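2 protein chains.
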Amino acid sequence: MPDPSHPQRGLPVAPSRGRLTPVPAGDVVLEDGFWRARQDLNASTVLPHALDWIDRLGWTDAFRRAAAGDDARPRQGKLFTDADVYKTAEALAWEASRTPYGPAGERLAGLGTLIRSAQEPDGYLNTWFGHRHAAQKYTNLSHGFELYCYGHLIQAGVARLRGGAEDDLTAAALAAADHAVATFGADDDTRVDGHPEIEAALVELARVTGRERYLDLAGKFLARRGHDTLEHHAIGPEYYLDDRPLRDVDVLRGHAVRALYLTAGALDHAVETGDDALVEHLAGQWDRTIATRTYLHGGMGSRHLGESFGNDYELPPERAYAETCGAIAGVMAAWRFTLATGEPRFADHAERALFNMVATALHPSGQRFLYVNPLHVRHPLPEPGDDEAPFRKDTPRAPWFWVSCCPTNLARLFASFSGYVATTDAGGLQLHQLTAARIATDVAGQRVVLRVHTSYPWDGTVEIEVVEADGRDWELAVRVPAWARSARVEVGGDVRSVVPGMARARRGWRPGDRLTLRLDTTPRLTVPDPRIDAVHGTVAVERGPLVYCAEVPGGAAEARHTLPGPRPKLTEVPAGVDGLDAGAVGIATTVRTTTETTVPAWPYAPAAPEAETTEHELTLVPLYLWGLRGPSTMRVFLPVEGTEE
Amino acid sequence: MPDPSHPQRGLPVAPSRGRLTPVPAGDVVLEDGFWRARQDLNASTVLPHALDWIDRLGWTDAFRRAAAGDDARPRQGKLFTDADVYKTAEALAWEASRTPYGPAGERLAGLGTLIRSAQEPDGYLNTWFGHRHAAQKYTNLSHGFELYCYGHLIQAGVARLRGGAEDDLTAAALAAADHAVATFGADDDTRVDGHPEIEAALVELARVTGRERYLDLAGKFLARRGHDTLEHHAIGPEYYLDDRPLRDVDVLRGHAVRALYLTAGALDHAVETGDDALVEHLAGQWDRTIATRTYLHGGMGSRHLGESFGNDYELPPERAYAETCGAIAGVMAAWRFTLATGEPRFADHAERALFNMVATALHPSGQRFLYVNPLHVRHPLPEPGDDEAPFRKDTPRAPWFWVSCCPTNLARLFASFSGYVATTDAGGLQLHQLTAARIATDVAGQRVVLRVHTSYPWDGTVEIEVVEADGRDWELAVRVPAWARSARVEVGGDVRSVVPGMARARRGWRPGDRLTLRLDTTPRLTVPDPRIDAVHGTVAVERGPLVYCAEVPGGAAEARHTLPGPRPKLTEVPAGVDGLDAGAVGIATTVRTTTETTVPAWPYAPAAPEAETTEHELTLVPLYLWGLRGPSTMRVFLPVEGTEE
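Keeping their order, the protein sequence lines are chains A and B. All the letters of the first sequence, read from the start, carry residue numbers 1 to 645 under UniProt numbering. All the letters of the second sequence, read from the start, carry residue numbers 1 to 645 under UniProt numbering.
Everything labelled a hint here was simulated from the structure, so no lab data went into it. Incorrect hints may have been included.
One copy or any two copies: either way a pair holds, since identical chains are not told apart in the list.
Lysine to any residue pairs mimicking SDA-like chemistry, simulated, CA-CA at most 25 Å apart [unchecked claim]: (1) Lys-137 / Val-29; (2) Lys-137 / Leu-114; (3) Lys-569 / Ala-607; (4) Lys-78 / Asp-394; (5) Lys-569 / Pro-530; (6) Lys-569 / Asp-394; (7) Lys-78 / Ala-175.
Just so it is clear, the structure is predicted and the values come from calculations on it, not from any experiment.
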């Protein structure tokens, strides 16, 4: 049973410095609404589903056989499947903190024991290398994933330690970390791993244990990176992010998930060591990436080849890669920036990625997931079968994947979601994510209990009710999202307009007081920067934090929808969308639909082909709903007629 | 010394049936002009350069060491480098036919002896498998490339046999083919290779030797394919084209070069066996591919991931993969369709791919090549150094590549180019490619000598002069390209307008007679089909067979050029382009150039950002010239203002 009094209880990130201090996940209970439904689905379904699949595919058995020295059959799965076992363990650890009387703790205990059983006496642990392949240990740091796997093991251990528990899992994590320190810690060692991840994990382990040696090793890995010690990947020297030092690079590049995990680790280290110049440099990289290399839905990494960032403004909607893990890594990085800087733009990004990528990736059944997140689907595809773990990643939601980083990443995010909601500082409390919740924590020396009432994102009203407070002054702040074109805050009869950023109210809060944020969620048109050539001459429709799309279920070839004027009328359809989430708001608009029945022999001609068009009403739906009504075509960016440059 | 009287002399494809019979390469001598310059460059520079690189990288040494059983060091290069040695041999063989007194024959002799020396007694030949890895022979048909390599060896042997020579190379090719028949020929064998290539090679070998067994084996490989006997590639089941039978597929898909080689092989087999239904089916696949999956420059295969075709109309210009080998394979397939059907649309495609892909891929130095052929370069990149063979493929022209299929493919195409120019049938001669040439061949029972005078593509006049003919009636036909908006043919004072297709004139031709084709090469605007979303709201500029581009050398970030109206004025700049090919014609137009100096924090907004524009004249250059003036930005499709859907 975890100890609910642990000072870092349930915290996904617990910096010792920085502008803001996260409110422990244990102090935040999500209440009925958009995110609580998903957090519950994660606990009830995603976690058992993940445990089932890591068993089915032999990924847990690999530990059993490593422990037993059983070489009879070839090991199953890719060489980094250990990481998915660890991420499942991490998710269970967060879930055990959140619901200590639920089944997660017991499920985790067995997994932890299994993991620990495969560890070698010196702390080495890997079911691909090690044991019978002992001679190959650490011979392929570029693409062997050994330290990457340690990183996820350590993150799982940190999650468990932050629940106040010590068990086989935490013992394995500590032993692996100590083994890494012993093996890679020498000052003249130049080695790094091809996949960043251990950096953030080591800093977090230092935070929870107070042991400097883990922080030191993280710093060494960060300093060593960027000096071309790893082999070049065929995709290009930037793939492993080892070709140029972090401080020489001004925008994220290379493999997107690697770049984002590296950002998180570097930021953690910079915060702990007081390297404010690096914090600022990393924030500059982040801002430039948001400005030029991020999709409307918050996805990062536009290229399938190398799962990598493209050039500035290279953001094709149809073959957007925008890996689910990239969104999750982006949320993790954004949260670290929020804590370090206190600035609201990072939580703005997290909100965008959460509602339009993370929510999209999870099927309402809890048993299917997206790996890649396109913004245009021209070619309807059926979902893979219930027993399929496809090799390919560009499928509709699949039960699992041969490379299955995304489902386990979703699981650990949802289980720790409450830790990404609110912060405190010396003067008060800040609410970053607008979600129904009960928050009971210490604020400026007093115990405060708040309830956040909202049906966000469907409604733009967020009411923060003070349930408990002793009347001494403190400041309550709430993020006014960047998307809000108008917003008001009401406190005790006082109403004022606010602009995006943090809306703040300082007073002697008493039980029954309320701060109400009213955001204008009128559907809006969004015009992409003309430098994003792939969506030239189009607009998107958004409402609140949600990106909308034109989806046509039924499996037929794509009809081309065009908006007949540059300022089309958008009408909310509050009854929801047929067959879907009762709360969902659709947006009706008039589109001109072209059904080209002819296919010219050559698609480049003196003029566009004549085409018949019909004008009719189409109800756009939130992007996260796409693909739930069977094979469909979908597009976020709709061509408009009559635009001017 | 090759025998210049061989009936298939120099012929890259020699079907025994079909509508048209190719005029042997030996009967066509290119004269000074666009293609002759490149053919000479190939002989003088590309071939020695290729020989140098296959030595430098150890790809020839692999044969030496396989022959000697030398295991001392690890073999260098990817597991299909044998194929590039064979393609170099094939190119030398064609070149030895073309220039029997040149150095190609001698260079080839040494290479042929080396190749033969590594062959095992039963005909098996592979420097990766075999010998010390004998137990692994044919254990990885999906991705081992053994039969693919045989295919290229056999093609080299065919080239040599069609020069009338028999030597070590032809002995090795015949032994490998017989080994393949013995190993894979059983009726109940179901095996196929992951990379098609051997099919066309076996049919061609049957054509040149008259041995049915090679044709039979090709037919077996074709019939076996499409029944899921190969492992699925991670990219998807269509990658190896083994998931669905050829006859069930109505458009090219999967790996582009694999698909095009398979088309060539299937068409060769269908022609030889009289399977007209299959010929028609393949032509339908081809037509659909041209209509929906081909770039303006003739490139095929839009995706970097899997080097594969995308969905219909998925043709992004910036990250166009459009591999050079795909263009070459397309020319090879198109020529086979030309011969089988006699229809001119196939040579139209070949012309487009030759002028805009093949010519683009070859640097004027003859020592650098493009692998990938984009239509938009946003990010200027320097060329790799003179000693670099990069892993990555999306570089500017490089001296060689780690996977270097494209340079050797260019070499074999240029060396055999004369074989793709003209055909005969019972009634006359047809000129398919409009190139300066001397053609001396048998037409309708008489010896005919023609000279084609033209400075095409710079000038649209193509004059065919009859040098020798005995006055009996026959029909002279010339392709009027599909791009021509107006064209006239003059024969003996008679002038008539002609439309795209074959312009034909039947008469008793006598020495001194002339047929003159006059094509209108006025620069023209080309509008992409609106279904190609990635170029929505843009136009391209073409002139004759050439696609033009806006290129800005200098290495600076891209400025955005917009055409200020839907029908911009295009003016020829006949003085050529500064520093480039004297014959080149530029096209001046007025563009509005936007230099966004600000980078908004988020590139999606209620309206496009304000930007300063300057109007000025820009000279567009033929696409094949891009990148020759140093690192540059480039785009083929230019946004236009004021277009209507």
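Each hint, compared with the structure:
no.: 1; hint: Lys-137 / Val-29; in the structure: neither (44 Å within a copy, 61 Å between copies)
no.: 2; hint: Lys-137 / Leu-114; in the structure: within (21 Å within a copy, 40 Å between copies)
no.: 3; hint: Lys-569 / Ala-607; in the structure: between (29 Å within a copy, 16 Å between copies)
no.: 4; hint: Lys-78 / Asp-394; in the structure: within (19 Å within a copy, 28 Å between copies)
no.: 5; hint: Lys-569 / Pro-530; in the structure: both (23 Å within a copy, 24 Å between copies)
no.: 6; hint: Lys-569 / Asp-394; in the structure: neither (33 Å within a copy, 43 Å between copies)
no.: 7; hint: Lys-78 / Ala-175; in the structure: within (24 Å within a copy, 40 Å between copies)
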